[in-house]
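Novice: Listed here are the chains, written in short residue letters.
There are 2 protein chains.
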Amino acid sequence: MLAREALGERKLTILHAIIKTYLETGEPVGSRTISKYSDLNLSSATIRNEMADLEELGYILQPHTSAGRIPSDKGYRLYVDMLMEEKEQELNEMQEKMLEKADKMEHLLKQAARVLANNTNYATMVSTPRSSANRIKFIQLSKVDEEQIIAVIVLGGNVIKNKIINMEEPLSNENLLKLNMLLNTTLNGMSIEEINLGLIARLKEQAGIHSEVVGNVFDAVADAIQVDEDMQIYTSGTTNIFKYPELSDKQSAQEIISAFEEKQQLTELVTQTLAQEENTGIQVYIGDETPVQNMKDCSVVTATYELGDGMKGTIGIIGPKRMDYEHVLKSLKRLQSELDAIFHKQE
Amino acid sequence: MLAREALGERKLTILHAIIKTYLETGEPVGSRTISKYSDLNLSSATIRNEMADLEELGYILQPHTSAGRIPSDKGYRLYVDMLMEEKEQELNEMQEKMLEKADKMEHLLKQAARVLANNTNYATMVSTPRSSANRIKFIQLSKVDEEQIIAVIVLGGNVIKNKIINMEEPLSNENLLKLNMLLNTTLNGMSIEEINLGLIARLKEQAGIHSEVVGNVFDAVADAIQVDEDMQIYTSGTTNIFKYPELSDKQSAQEIISAFEEKQQLTELVTQTLAQEENTGIQVYIGDETPVQNMKDCSVVTATYELGDGMKGTIGIIGPKRMDYEHVLKSLKRLQSELDAIFHKQE
DNA sequence: ATTAGCACTCGAATTTAGTGAGTGCTAATA
DNA sequence: TATTAGCACTCACTAAATTCGAGTGCTAAT
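Residue numbers (our numbering), protein chains in the order written: chain A, 1 to 347; chain B, 1 to 347.
Simulated from the structure, these hints should not be mistaken for lab results.
Just so it is clear, the structure is predicted and the values come from calculations on it, not from any experiment.
Treat the hints with caution; some may be incorrect.
[What the hints assert, rightly or not] Calculated lysine to aspartate or glutamate pairs in the EDC-like style (CA-CA distance at most 20 Å, straight line): (1) B:Lys20 x B:Glu50; (2) A:Lys143 x B:Glu278; (3) B:Lys243 x A:Glu255; (4) A:Lys263 x B:Glu262; (5) A:Lys243 x B:Asp249; (6) B:Lys250 x A:Glu246.
Input sequences plus hints: build the corresponding full structure.
Specialist: Okay, structure coming up:
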């Protein structure tokens, strides 16, 4: 940021030109190209001098002697920082497509990933909201048959969990009713973190002879909620990476794709992103900055959306370092606000 | 099958040798190799003659003049048919690993896909059971708050569906109770196919002033069940295809991986597989035989597992045509019977 | 401070020659 | 008659040699 002033207007323009050209072509860009392209009328020789300076400062680098220059991670970083500072883009209409089947959040998010992938030509991922600090809205046990009861738990944001419990000894209807009362009055409105062993012990006590059942139920509840902890992640457009030669050699492709398949790594990415508190909710990881080792040759752009109740999810775009940051940032902002709008209307 | 007799013992042995060698090396195999490898002591020249015959018959082919031979799809087919006919392999112990976290079917199936991928070094997929001819075991509406009620539906095989219904006008507790009674007594034990418009109309009538609610409920039920129709598919080891040069050029890799990502195509595969009624429940698609166009350069081996209640799911292995069929068939059979055992014990 | 000019560098593409695995055919052999 | 040895030929693949050209750094002129 400070670097920008220190750089001088002209150097900055040239750097900008180099990056933009490189984003389009993917080839190292030479001095002559810039000399013709940029509107400051300078000869290639002058550009060369400036380039030499920029290289010394670490903003660009040469793949080999007698090749043009390509932006370094540091160069990209400067460029992205500039873009981010730009005044909020006017948000134009988002694809209607997305709204069509918006009845189920799941569908909506899948669709979002797909639309985004189509729109940007990069690989995308969307995580379902993470239920941190989430509250229990409704809880109920019902008897399915003599041996099984089903526990249904509705969390804030209308996230539904359920779990079947196998009973050794049958539970009478009235006892079931009592148990339901007890659970609902006690647990309603509680956040998951607030449920601790002490509380469970107290409940067991109150349940009297059915303490054993309560134990089972809590196991089930814990289980059901825990399963949610590893949230769902939808991906789309993975194969877009084949469009960028620098990522599509066997080695890289394999790394990236396996990161996409075994969602473990993406989960890591989401966690990191959510942990970071940002004003705009948009983050850019360039190259080594990424939390996911497998993507060290990519750039990753993430945005956070909110569901109220402190539930947050993440949208991400993964592409080559020479990503069209301008377009990507715009698209993400749009989608982000779309999602926000939908979820808060739905509420 | 008939072809086998028509082929003659020696030609068959040679074909067998060619395929086995090719499976190992992935390189076209020449006459000299076979001459040394096989136990029938024949000179390369003789082998060459036989090979020429085999080629004319379409069992093997030359990638180009002056290269060795590789098996054609027809050749593979003959080979696989032979393997399939072999007496049931003795089933040795399956990895304990799989059984550990067997509490949730979902987990189990994911694990199964992963184990299989590790075990075979091919890409794998597992579909959750499809609820064809499935019956309703339990249905219940509960009030979450004044504006929302939740419908929980348990199907045979303990598949749980739920759906939140937004109400325009509040529903009293007693009416809810009545409605629950009505739904349960009427729908319990019914298969999804049996629910038709006539029935719905009759129910609406019986519900009296709440006919409108009933309509909503049925929409919800239909919706919840329909969503199940596009079953879940878990994949694993997609990147294994990079281990096989013949599949890892950009073109092929992209096709296969995108088939794996957009599950649409796999769904097609599963549907096809389930439609086919086979005695052993194992099917092999070689090259063009596959229902999934994107996999025309692969072989696909699928097995069907059962859950009782007529619910069936599919396990699939996708790899190069020069797949180690022997190993794959054995592994699949093992896994198949493991799953069967688990599910029928759990029942 | 800028630019024109020039010698130089070096990766990428193209050409060339060489290698060797494998074939088909023919003639000799058991 | 079935098998085999031998030989000329094919053709993908590799490595070395060659060319090409985009791009650079430096110097001298403007």
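Novice: Run every hint past the structure and note whether it holds.
Specialist: Right, here's what the structure says about each hint:
A hinted pair counts as satisfied when its Cα atoms are at most 20 Å apart, and Lys20 (chain B) with Glu50 (chain B) qualifies at roughly 17 Å. Of the supplied pair hints, the one linking Lys143 (chain A) and Glu278 (chain B) is violated, its CA atoms being roughly 38 Å apart against a limit of 20 Å. For a cut-off of 20 Å, the pair hint linking Lys243 (chain B) to Glu255 (chain A) stands: about 13 Å separates their Cα positions. Under the criterion of a C-alpha separation no larger than 20 Å, the hint pairing Lys263 (chain A) with Glu262 (chain B) is consistent with the structure, at around 16 Å.
Pair hint Lys243 (chain A) plus Asp249 (chain B) holds up; C-alpha atoms about 13 Å apart against a cutoff of 20 Å. The suggested pairing of Lys250 (chain B) with Glu246 (chain A) holds, with an alpha-carbon distance near 13 Å, which does not exceed 20 Å.
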